[in-house]
Amino acid sequence: MLKNYFKSAFRSLVKSKLYTALNVVGLSISLTAATFLLLWVWDELSFDQMHSKKDRIYYVAAAIGKSKDQLWGTTSAPLAVFGKNEVPAIENACRISSFHDNQLWLYKDKKFNDAPIYVDNSFFQLFDFKLIEGDKKQPFPDNRSIIISESTAKKYFGHENPIGKVLQVKDGNPYKVTGIMADMPANSSLQYQMLLPFDILAENRESNPLNTDWGNFNYQTYFLLKAGSDPISVGKQLADIHRKNQQSDFWKDLNYLLQPLSKYHLYASDGSEQGMKQVKIFTFVAFIILVIACINYVNLVTARSSRRSKEVSVRKVVGANKKHLFSQFITESFLVFLFAVVLSIGLSFLLMPLYNSISGKEMLFSLLNHRVWTIFGTTLFVILVLAGVYPALMLSSFNPALALKGILPRFGKNSTFRQVLVVIQFTCSVVLIIATLIISRQLQYIRKMDLGYTRENVFTFNTFNFKKNYDAIRQQLEGEPGILGVTTSTQSILNLFSSTGDLEWEGKPANMSSFIINQLSVDQNFTKVMNLQFTSGEGFTGTPADSAHYILNELAVKQMKLTDPIGKSITFHDKPGTIVGILKDFHFKDMKTAIEPCILFIDPNWGWNTMYIKTTGKDASKALASVKTLWKEYNADYDFNYQFMDESFDNIYKSDMRAGRLFNLFAGIAILLSCLGLFGLVTYTAETKVKEIGIRKTLGASVNHIILLISKDFMKLVAISFILSFPIAWWLMNKWLDNYVYRTDVRVWVFLVAGSIAFLIAGLTICGQALKAAKNNPIKAIRTE
Amino acid sequence: MIKITELQKFYRTEEVETVALNNLSIEVEKGEFVAVMGPSGCGKSTLLNIIGLLDDLDEGSYKFNDIEVAHFNERKRSDLRKHNIGFVFQSFNLIDELTVFENVELPLIYTKVPAAERKKRVEEVLEKVQIMHRRNHFPQQLSGGQQQRVAVARAVVNNPKLILADEPTGNLDSNNGNEVMQLLTELNEQGTTIVMVTHSEHDARYSDRIIRMLDGQVVMSTVGS
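Chains as they are written, first to last, in the working numbering: chain A, 1 to 785; chain B, 1001 to 1225.
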């Protein structure tokens, strides 16, 4: 019986080659697209899931106040120590200190620039990173121990056994390798190569011991909670402990938010969705693509049902019951899907490298990958249920006596159901086109936005030893050809992440005790070179008095409720000084964050780590050459890694732009699939109307008449889709744009353009096919009847 | 074998209701060969479809071997059909995707006859209709007469008690037509009951009895040659 089903199905598919090809190609494209999307989604969802205690490991963020910009992703060092000792629900704790510059590491004649991180001894007990060599419980026997990753070991030691070897930091300590860990998996949020004991950071701090320094929020803290404990209550207890140990009004609203490690990658500390939004969007797009392909399949099968009715009836007459016929048609669907899967596997192998380069991931398409099969299996099952069952039920329920006469009461002629499906399909497509346009407009908008300072033709680099002789180097560079300006700051102005509450001024209201301001130490040229605009005041003077001069941005003045701020005294980090300038608000974080209060001050002791050289497009190479000459003199041990600020700025949005590109790609596929379906439907409509067309032509209808006859119903459907898709897209895209503080507006022309694109594509598909039908010789058409 | 009393059958569209069969009563004895004749649209084919349980009746009673089958559901009808009734159509209605052998084999598949047995029976019946040499051909490769012989073979392969033939020679030339009629006669002689709709007086002469219909009613029943 089964053999017979397969035989019949196979022959019937071979016989209708166009139909089979449309179905197989359409399904395999959608299956490939859905697989790619879901692999991406799966990869995102798999982040940090490799730890067996992932649901009990919590990442701690500090909420200083109630608003979102008062949320810090770091804590002070003592929190972990006190928390572990005083909160019963905390089983273990681990701190990570990862904000460290590259150091020069020496082994024999090899030298490398690498940035180590510092972790507590509990690191390998909390996290399941594999320690190939070494002691999980006591990875660092002393403060001169180091654990390195496998690839780092290879880099330094080649094939030698690294255990016991000593790595020397230039002008620093020697460290003995006490452990080798496997490279951290790509889907881990933690990506580290060299681990040093956290206790090193406590060395030489007699006046201000690390583990009682509650105000320095420089460390990431992870807690392992006992099973069943309530993270919210633990957070409150931690805040109480903090307030007990550091009594200040500043902390009155403090709360600690504990976020499970398993949610670290896709959610913000306050539990709101971050990457999860993208994951949902992509899952949704994958679903839409599958639905469109299913609709194509159902439409083509039902449109063709009139051709199958005779066969079905004959089978019924000779004894087939519904079950037989149902099985037969499901077999046929299954075969089509099977072909599609095979083709899709081929396509996936072929396109995976391209997809990886677009998506910036390293996903693997392998038939040994269980993910691939899970995705194939489920999508196949879903398609079979969505697209296989309905046609099979429909085809098996013909009344044979009527069907043999060619009367198909519900399905063959009356195609309301198919029309509804076409409308759904095109609505999805148009929504996707609109989304594509708006997403790229938004990304464009952000990139073109005026940041409030010049980022063109400015390159930046890490100063290393330059900062020790900054003034001399600045003066020397300023005299070089092609260099228009030189300045420096602690961090890059593109992404400032240092803030403080340590700012006092006369009349500071009590309810502003937890006021937080972003801080940036700069040199006196900064505002001039970066082209920051003053609304009042002159800024720094270039004299020693500058060390007691402060510059605020407009928003800070507004929030601090200062009137006539110039000349007013403020105390910043216990250092009194005067306000000498107010800057027009400028952007120093990504565009998803609103502008926040900011203070600029001059203090070289903060470590002027970032240097900016302003040049011109033409002279950039000269400027670079001048810097390189000096680099050899001062920083010979370090690589010279510079980046133009435009580039760095674009890098901030790299993942957004990648997502945008992926979205474009898959939206395109969805539209292509819709058209493929439409093509098939029109072809069959034209076929069923062969006789009508023939008669009309013999009566004198022109080719245009015939095209209109065939296409007007379809064009009507496409038009209905527009009307439906506009409000849906408008609503969806406004919701998406709400992610951005600075957003483009949703313009009417976007809808019109999207509509025209879809209409044009659909129109070409439909009319092309209709034209073919209309041009046939009418006599031939009538004779075949 | 067949006893139909006061059968009513209507066809309804949104605007009109057409009476296809009006208060019709007939009986067919076991082993009889009955021809049904009448002008186009008189309800012959509808009657045949109802007898073959391909179509419902609206009112009246239909007893097949003394069992009331008028209100059988789809599953019971299909069961009764596949074990008792074979069909032959004017347009042959072979499945284009299946070979001669496979077309004839189909009813046996649906009645779950084991493969070896199927092969034997299909070959037997193909011999009988003298089409064995074309067993692996597809219907389009055969002449009309050959196709109809295959259709007859398919109708009888399950040894049905009743064969329903709807203008079996309508698409055939006279030579081929006669061959098919000969075949039906032989089957009848071996005990199969046959009800045949036909326009041809010549074909009707092969039957035991002719039922003449007009406007959905039986107007005359005469004993044939």
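Warning: the hint list may mix true and false statements.
As the list claims (entries may be wrong) - Partial chain A-side listing against chain B, Cβ under 8 Å, derived:
#1 Met1
#2 Leu2
#3 Ser8
#4 Lys15
#5 Lys17
#6 Leu325
#7 Pro400
#8 Thr500
#9 Gly501
#10 Asp502
Treat the hints as calculated values from the structure; they're not laboratory data. Nothing here was measured: the structure is a model prediction, and the numbers come from that model. Even glycine gets a Cβ: it sits at the ideal position worked out from N, Cα and C.
Those earlier numbered hints the structure runs against, lowest number first: Of the numbered hints, 2, 5, 6, 8, 9, 10 do not hold.
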